[in-house]
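Given the structure of chain A, go ahead and fit chain B onto it with the hints provided.
Given next are the chains, with one letter for each unit.
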Amino acid sequence: MVHGELWTVKELFVLPNEYIYWSIQIVMYPYMTGLVAGAFVLSSLYHVFKVESLKAIARFALVFSFALLPVAMLPLLLHLQQPLRGIHVLMTPHFTSAISAFGIVFMTYGCIVAAEIWFVYRRHIIETIAHLSLKTARGAGDSLLLTIYKLISLGAADLSDQALRADHKAVRLLAAMGIPVACFLHGYAGFIFGSVKANALWMTPLMPVIFICSAVVSGIALCILSYAVFMGARAHLARRNPDPALSSERRHGIEEHEVRSTSRYLLLFMVLAITLELLDVIFRGYTAVKSWDIVRQVIYHKDFFKIFVLQYGLGNLLPLVLLLLPRLTTRRACVACALVLFGVLMMRWNVVIGGQAFSLTFAGFMEYHLPIIPDSMETFKEGLFGALLVAGTPFVIFYFLNKIFPAFIREDVH
Amino acid sequence: MKRRDFLRHSLVFVSGASVSLAALEFVSVGELLAARPEARWGFLVDTYRCVGCGFCVKACKIENDIPLEANVTRTWVERYLILKDGRVLADSPKGALHGFTDQRVDRAAEGFEEVSNQEIASAFFVPKLCNQCDNPPCVQVCPVGATYQTADGVVLVDHKWCIGCGYCIMGCPYGVRFFHPVEHVADKCTFCYHRISQGLDTACAQACPFGARRVGNLRDPDDPIARILLTQRVGVLKDEFGTKPQVFYLGLSKEVR
Chain A
1 MVHGELWTVK
11 ELFVLPNEYI
21 YWSIQIVMYP
31 YMTGLVAGAF
41 VLSSLYHVFK
51 VESLKAIARF
61 ALVFSFALLP
71 VAMLPLLLHL
81 QQPLRGIHVL
91 MTPHFTSAIS
101 AFGIVFMTYG
111 CIVAAEIWFV
121 YRRHIIETIA
131 HLSLKTARGA
141 GDSLLLTIYK
151 LISLGAADLS
161 DQALRADHKA
171 VRLLAAMGIP
181 VACFLHGYAG
191 FIFGSVKANA
201 LWMTPLMPVI
211 FICSAVVSGI
221 ALCILSYAVF
231 MGARAHLARR
241 NPDPALSSER
251 RHGIEEHEVR
261 STSRYLLLFM
271 VLAITLELLD
281 VIFRGYTAVK
291 SWDIVRQVIY
301 HKDFFKIFVL
311 QYGLGNLLPL
321 VLLLLPRLTT
331 RRACVACALV
341 LFGVLMMRWN
351 VVIGGQAFSL
361 TFAGFMEYHL
371 PIIPDSMETF
381 KEGLFGALLV
391 AGTPFVIFYF
401 LNKIFPAFIR
411 EDVH
Chain B
415 MKRRDFLRHS
425 LVFVSGASVS
435 LAALEFVSVG
445 ELLAARPEAR
455 WGFLVDTYRC
465 VGCGFCVKAC
475 KIENDIPLEA
485 NVTRTWVERY
495 LILKDGRVLA
505 DSPKGALHGF
515 TDQRVDRAAE
525 GFEEVSNQEI
535 ASAFFVPKLC
545 NQCDNPPCVQ
555 VCPVGATYQT
565 ADGVVLVDHK
575 WCIGCGYCIM
585 GCPYGVRFFH
595 PVEHVADKCT
605 FCYHRISQGL
615 DTACAQACPF
625 GARRVGNLRD
635 PDDPIARILL
645 TQRVGVLKDE
655 FGTKPQVFYL
665 GLSKEVR
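Protein chains in written order, with this note's numbering: chain A, 1 to 414; chain B, 415 to 671.
In isolation and in its complexed conformation, chain A is listed as follows (with noise of 0.2 angstroms):
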């Protein structure tokens, strides 16, 4: 069977070669991204705008950003028919193609990222090596982390008031230097789409500050939703463990303060994203080029369900009036931010499934269907599990990289 034709039911007037060749994991992918990035944005807020009552979801939003970050690359693995000549991308780019600066602006942002993150952590680092070494009877698990903290500690040890003088301006310089780059490996994906001039649905020069907005706004959710839950999955954890060891704060969910200012920062940036997207949609009714006819009957027919409904309705509608709603409580806002998360999906969903729902003959339409059970490789990467997949492995690196940078420590650092 050709690549494509498992999923796609062709409507009316469809080209032979036509298929949804973009699927599950060109959705993912964008999404990934815009987490990545808005999650970044959100720990920079702190560490160049100073807005203290970020300070501790801006460390959280920071080692998460990191630990999403590999996973951007993963949905563009499973898509590829060779996924062992993607390193072609970075070893041979055509520098006239959107996606061969890929490999350029993610090692850069991966760079700075890791960077801003050693700046971050180097006192920890620095105290938990001496705090390990003067144990006496070292676990198999604290001499691992006692290598590792060695390893990445760089032979920094210098601790003196200078020093962290110092680290706390790079930190604030590479999170500055962070933001556009942020944005750059974002937008560009927004322009991977919006410089398809063959796409009718995807051409335009809005797409990629549309993408740079909603990864803003899905970045943010994100962050508040899994900081809230693993705030409070920690205090639930620590109320029903008695030993007076553990400090009174780690009974302490998520503060209400923390999430009404990172709520009004998400609001803020969606009511950026719903204008801009609006927008692109008004102007393409009222130019009507010779495409609208079926970019209209793609848009209010044969996906009304999806964009009306689920983006812009359950997506964007609903957790604006729950976030506007004055008493803001931290489970209303994870209501929020959870259909915000769905509702971004949606809009990538709508963006890369729905830019291939109509043939380039206009005379007809595509349809897609998401294989669930994977019954071979292919249905496997390019169906629901490929996609669960990629949604899953960000929290388990997140695991790991919890134990080496503690994410959730509330000390007087940057």
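Worth flagging that the hints you see were computed from the coordinates, not collected in a lab.
For each residue, glycine too, the CB sits at the ideal point set by N, CA and C.
It is possible that some hints are incorrect.
As the list claims (entries may be wrong) - Straight-line Cα separation of at most 20 angstroms, EDC-like style, residue types lysine to aspartate or glutamate; simulated pairs:
#1 K290(A) <-> E654(B)
#2 K652(B) <-> D293(A)
#3 K668(B) <-> D293(A)
#4 K508(B) <-> E11(A)
#5 K508(B) <-> E367(A)
What the hints assert, rightly or not - Computed far set for chain A versus chain B, every beta-carbon distance over 10 angstroms:
#6 C183
#7 A233
#8 F304
#9 I372
Said to hold, decoys possible - Calculated from the model, a selection of chain B residues having no Cβ within reach of chain A, i.e. all distances over 10 angstroms:
#10 M415
#11 S424
#12 V486
#13 S506
#14 L570
#15 I583
#16 H598
#17 S611
#18 Q612
#19 N631
#20 G665
Only chain B this time, still in chain A's reference frame:
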């Protein structure tokens, strides 16, 4: 090593390296690889002559190792029916591999639509293939340079280098690209590059019993195709994309997209 020696050796090395790099300026790789760099291959489709027999599709698939029953094809034939009520119906069942033997129109998921002879105002066939654009979007978007344009104008795919991302398939406004069902890389019509560069006809042109398909060198003023392009009124597909397609159609109708 003394500093003076170091500097001298560095100078020799850098100038030596730049001379060999500069050689690429004088010897264009594209021209070296092109079979006939003095030519510019073009294609002429005479839609008045096409009867939709599908011999071209079959010949192409056999010549270029595309599995016959696979639902992708390097070339295909479309049938257009203009009805008296103004409706336009079009189809291309299996790319017209077996020709058009059924009067009913293939509406894909909606099944077949019966059309009686009395309803039809006019009908015609349009063969399609890669347009070997002068400004090919597929070459522009390939992230690894696996798809490239030869100096004689044909766009080719390096099957050993393609990573199978599908960006070129998305970038083509004509839908001529697909994933090869066996090799799992992007594939498309090459004007039978291996044949035309040996002075042969393309497989589809050779198989066409009515001379509806012809390939030629547009830079040669004596070439029959070049003469027709100069003297007759021809059309191209979707020129609004700025791709500068090099497949020309005689008798192109506005319904064709």
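Hint-by-hint comparison with the structure:
1. K290(A) <-> E654(B): holds (11 angstroms)
2. K652(B) <-> D293(A): With a Cα-Cα distance of about 17 angstroms, the restraint between K652(B) and D293(A) holds, given a limit of 20 angstroms.
3. K668(B) <-> D293(A): holds (16 angstroms)
4. K508(B) <-> E11(A): Satisfied, since the Cα-Cα distance of roughly 14 angstroms is no more than 20 angstroms.
5. K508(B) <-> E367(A): Answer holds: K508(B) to E367(A) is near 19 angstroms, not above 20 angstroms.
6. C183: holds (21 angstroms)
7. A233: holds (39 angstroms)
8. F304: holds (19 angstroms)
9. I372: holds (20 angstroms)
10. M415: holds (31 angstroms)
11. S424: holds (27 angstroms)
12. V486: The assertion about V486(B) is violated, with a minimum of 5 angstroms to chain A.
13. S506: Non-interface label fails for S506(B): nearest chain A Cβ at 6 angstroms, not farther than 10 angstroms.
14. L570: Holds, because the least Cβ-Cβ distance between L570(B) and chain A comes to about 14 angstroms, which exceeds 10 angstroms.
15. I583: Its Cβ does come within 10 angstroms of chain A, the nearest being 5 angstroms, so this is violated.
16. H598: Incorrect as stated: the minimum Cβ-Cβ distance to chain A is 4 angstroms, not above 10 angstroms.
17. S611: Nearest chain A Cβ is 24 angstroms from S611(B), so the label holds.
18. Q612: holds (27 angstroms)
19. N631: holds (27 angstroms)
20. G665: holds (19 angstroms)
Going through the hint list in order, the structure does not satisfy hints 12, 13, 15, 16.
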